[in-house]
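Here's the letter readout for the chains.
Number of protein chains: 2
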Amino acid sequence: MHAQTLLSCGLLLFLVTVSNGWLFSHFGKKYQETDDVSLWPLPQKYQTTTTTFKLGASSFQIVHAKDSSAGPSCSLLQNAFRRYFNYIFDNVKKHRANRDVDQESDLQLTELQVQITSPDSECDGYPSLKTDESYRLSVDQPTAVLKASNVWGALRGLETFSQLVYEDNNGAVTINKTDVSDFPRFAYRGILLDTSRHFLPLKVILANLEAMAINKFNVFHWHIVDDHSFPFFSRTFPDLSQRGAYHPYTHVYTPADVKMVIEFARLRGIRVIAEFDTPGHTQSWGKGQANLLTPCYSGSTPSGTFGPVNPILNSTYDFMTSFFKEISEVFPDAYIHLGGDEVDFSCWKSNPDIQKFMVEQGFGQDYSKLESYYIQRLLDIVKATNKGYLVWQEVFDNGVKLKADTVVEVWMNNKVDQELQNVTKAGFSTILSAPWYLDYISYGQDWQKYYKLNADTQVHVWKENPDYKHEMAKITAAGFHTLLSTPWYLNRISYGQDWQGVYKADPQSFNGTAEQKKLVIGGEACLWGEYVDATNLTPRLWPRASAVAERLWSDESVKDVESAYTRLVKHRCRMLRRGIPAEPLFVGFCPYEYDGL
Amino acid sequence: MHAQTLLSCGLLLFLVTVSNGWLFSHFGKKYQETDDVSLWPLPQKYQTTTTTFKLGASSFQIVHAKDSSAGPSCSLLQNAFRRYFNYIFDNVKKHRANRDVDQESDLQLTELQVQITSPDSECDGYPSLKTDESYRLSVDQPTAVLKASNVWGALRGLETFSQLVYEDNNGAVTINKTDVSDFPRFAYRGILLDTSRHFLPLKVILANLEAMAINKFNVFHWHIVDDHSFPFFSRTFPDLSQRGAYHPYTHVYTPADVKMVIEFARLRGIRVIAEFDTPGHTQSWGKGQANLLTPCYSGSTPSGTFGPVNPILNSTYDFMTSFFKEISEVFPDAYIHLGGDEVDFSCWKSNPDIQKFMVEQGFGQDYSKLESYYIQRLLDIVKATNKGYLVWQEVFDNGVKLKADTVVEVWMNNKVDQELQNVTKAGFSTILSAPWYLDYISYGQDWQKYYKLNADTQVHVWKENPDYKHEMAKITAAGFHTLLSTPWYLNRISYGQDWQGVYKADPQSFNGTAEQKKLVIGGEACLWGEYVDATNLTPRLWPRASAVAERLWSDESVKDVESAYTRLVKHRCRMLRRGIPAEPLFVGFCPYEYDGL
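As given, the protein sequences belong to chains Y and V, one line each in that order.
Counting from 1, one number per residue, gives the positions in the first sequence under full-length UniProt numbering.
Counting from 1, one number per residue, gives the positions in the second sequence under full-length UniProt numbering.
Treat the hints with care, as some may be off.
When chains are identical, the list treats them as one kind, so a pair holds in a single copy or across two.
Distance condition first, Cα-Cα at most 30 Å in a straight line; then the derived DSSO-like pairs of lysine-lysine [said to hold, decoys possible]:
#: 1; residue 1: K287; residue 2: K570
#: 2; residue 1: K504; residue 2: K349
#: 3; residue 1: K570; residue 2: K203
These are computed hints drawn from the structure, not numbers from a lab.
Could you put the whole structure together from the sequences, leaning on the hints where they help?
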């Protein structure tokens, strides 16, 4: 999309002032007036006023409403109350003497009552694809009320409540009289992390789950093993990590580690979907499991290298049956991601036993039939564990017969619209990740896309991009003299900030019927691990993933990049205060900078 | 440069085995055999053997040689002894019970004697452009000897000594019998950090000075103020930071902070060259100093905005005289960087007083004459403080009369060779930063440069790039079908690793006489601050800046990318163990991963 389109989106903003003092704002605009508040992702419906209440650390409480189906025995909520209480007050205490509410003239907010309205609060359960995450939040004196049908909606509402709180000019903890009615646009809002290309210490995974909760993500797609290493400790096949991990002790996720990740995620309303990708991407599996991979041949002799999983041996399916039985027990989510992408046929083609099998099965030279044969048998195995599955798009493209509840993940950034049309036309649910491969980064090149900006932006650039001269000179220095005559062509938000492309992508923008579009159940940001590990993963993911978060949660109409920029800058500062090293979007500062390296 | 050229560099490697057991290696090759050692940057001359000695934490000492001109009263060296002792032994203790030397069969190294050979050790001085950083290191039983004419060479030798130490298979601290004779190729090896676009907490600056010492950098170019903020606290003009910083207390470098940076750097042989860039890049100066900047006009009335420093007022030069007097006292280095880049003339042109001045001076419409007029007067002011200066290339390009010892910094990545020719032909010293703007990053696009790889690399790719399928599929997904038929065109080191372009640039590759090339005194890596702050600066800079470090220290012939990759991977793991979150070059792991976020 060109920047002209981008900038015209600003016109879509609307703001209506009603006589009773409420400011109705469908999105965004209000935040530029209340400097200290920024909601991210933006709620579906939001009404605020200029009436303010103060919150005192010694007087304010988060409590269970009397008629709530959850009570103090619900440790998930107790845990969340503590977390959000700390977010609201700890930052204040850390940096200055806590100024409690003391002026009689201050209106006080003394309580946030949390009411779970369904008979089953789901306190001890797990979130699922069908989870209702909606909530209603009313902030009024002396009590704010948060209503949700279950704990999952309550978690989302608590996050919003904490985002409404700010410090006034005197440092007093403050909130405005506000009503929120909110629900997610999409049910599946995921982040993929890859722990095979680089091992990620537990601390990094947990910090990113925390950041996900702050951004209302609800799926951690754990791409846990791949060609490069097998850090998952299997009780049934311990040799897989013993021999396939980068190191058998220091670079392994033990059963206790995995449980901790799952529980940490559950407490934040996040599903953990593990991916065990076969038949390709399995080099590391072969180290700890003899005869699992296909021996490649060089002419008539084995070359000593191995290809994808060997699909012609019964032992393969025996292994998969035992292995996926364990996986289905270790991971409570109703879905497993089975991969199925990027199968290379050259090794299969070289192997005489496979060639023979192809003839027997009547597959001719069509090795995608062999792939389908394998996947089909694997799906039957997994189906027997009562789990649903997600697969990468190739499995669908190759015509494998899929269960009706299969979710197809569209990741290829080529003919995305056509693929979404095909998958949904066939009646399958789908999630989109193609525009959100956040391992791709760039700065210093994408300006070329924007060089034909609208001349209207002249004033904006001059005043708000203090760097325009520096940026222009860098481009001149790169040899692009002709573009330099127009000082307005670079603006603050159009250069080097790849979060914007991420933000503008929409999973439902393809041509299709309303029914087809309903089958798009969400999407996910993927951070493949080639170039990231504990040193740089978190700042590279955030706040770019926040752009995906808003796309997947907020209303389709929330797409103005400039309004988003203003809020996202503040949201990123909030993440810093909560200990997440989210990187800057552009020149500027946060009141409290990150305290690490 | 195309990858074909790149790969053929490998042929330049040479390795001669001599009958007495010494392995002579001019560079690189040896490290692939001694798995645990990697020297970075590679020393000029290096001879090692397979004879090993053990170092015990309770028996090994770093001491002053008897005939050294420095002794225990030299706190710089004492501080360095402690630092390197900790690097050698603390890591071991941290992670496992220290296995001291206990086998009688082990040959022990009990001492490293440090001998300063000049009468003046320079222990309490500062490094300079003329500093001799050469050293000789001989590791033999029972004593290793490090000789240098002054403390600066000793610091470089201590770093090399610490890099020679490794843990053997049993975890014993080990070093091989080795001789090193080393000196830098270039005298100026810098890193630019920008503390104006984002404020960098002291902790971040100090950590990067530590990383610089590990990489034998010797100049911290502190781009301390700019348009965006003025964090330098001036005793003479305190309003500059009071009003020009992002925050007057939390986002300011106090005199004590600046002293700490300078001393921390000195202890590591690093010069601190502050840049106070004028007459452009000064928006933040205007907030705390009335009448310093030029009022811009809209027609016949002031527009309320301001342009570059006002060059026509005497008060401007009075201010600069007082200001640079303070700067020349605060920063002990013999050089100040005066900037002078990217002056925008539009505001000057709009101002009727300036127009009048132009007529009076007979400058016509040539505002570069006005710029030169300003710079000339500024240079005279700075000259009176007895400081030398560096300037960005525009100052030279515009024909300003420069002192003979001026250093011109070539940063524009367009016609670099021509610029280097011009500057050196005019007899000026120069440093190069054009190829080393490390704020530019990319991943996922630069593969296009490499798509014509040599077919010889087929085996290499297959075996050593476990990711080739994934990478290829990503590219197919981006719509580049035609390239996919050749599975060998992607290799481990040619895709997404922008450190290689950084590594291959050479400051002396332009056409010029030997005399001209001598005037190239070095270069620097610049990390401009648009997109970096405490959250992401350090991993974005390292280990990419390490590539610059080797280019500027090691012999010109050290340029094989594959050999460099092998060493750099280990060097990056070493930085992790020393607490520097240097990001990964590619898929893989370190024995001890970074312990932060």
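Using 30 Å as the alpha carbon limit, work out where K504 and K349 are close: within a copy, between copies, both or neither. Neither: 43 Å inside a chain and 40 Å across chains, both beyond 30 Å.
Can you give me the call for K287 and K570, within, between, both or neither, at a CA distance of at most 30 Å? between (48 Å within a copy, 24 Å between copies)
Intra- versus inter-subunit Cα pairing at 30 Å for K570 with K203: Answer is both; intra-copy 25 Å and inter-copy 24 Å each pass.
In the structure shown, a violation is registered for the earlier hint numbered 2 alone.
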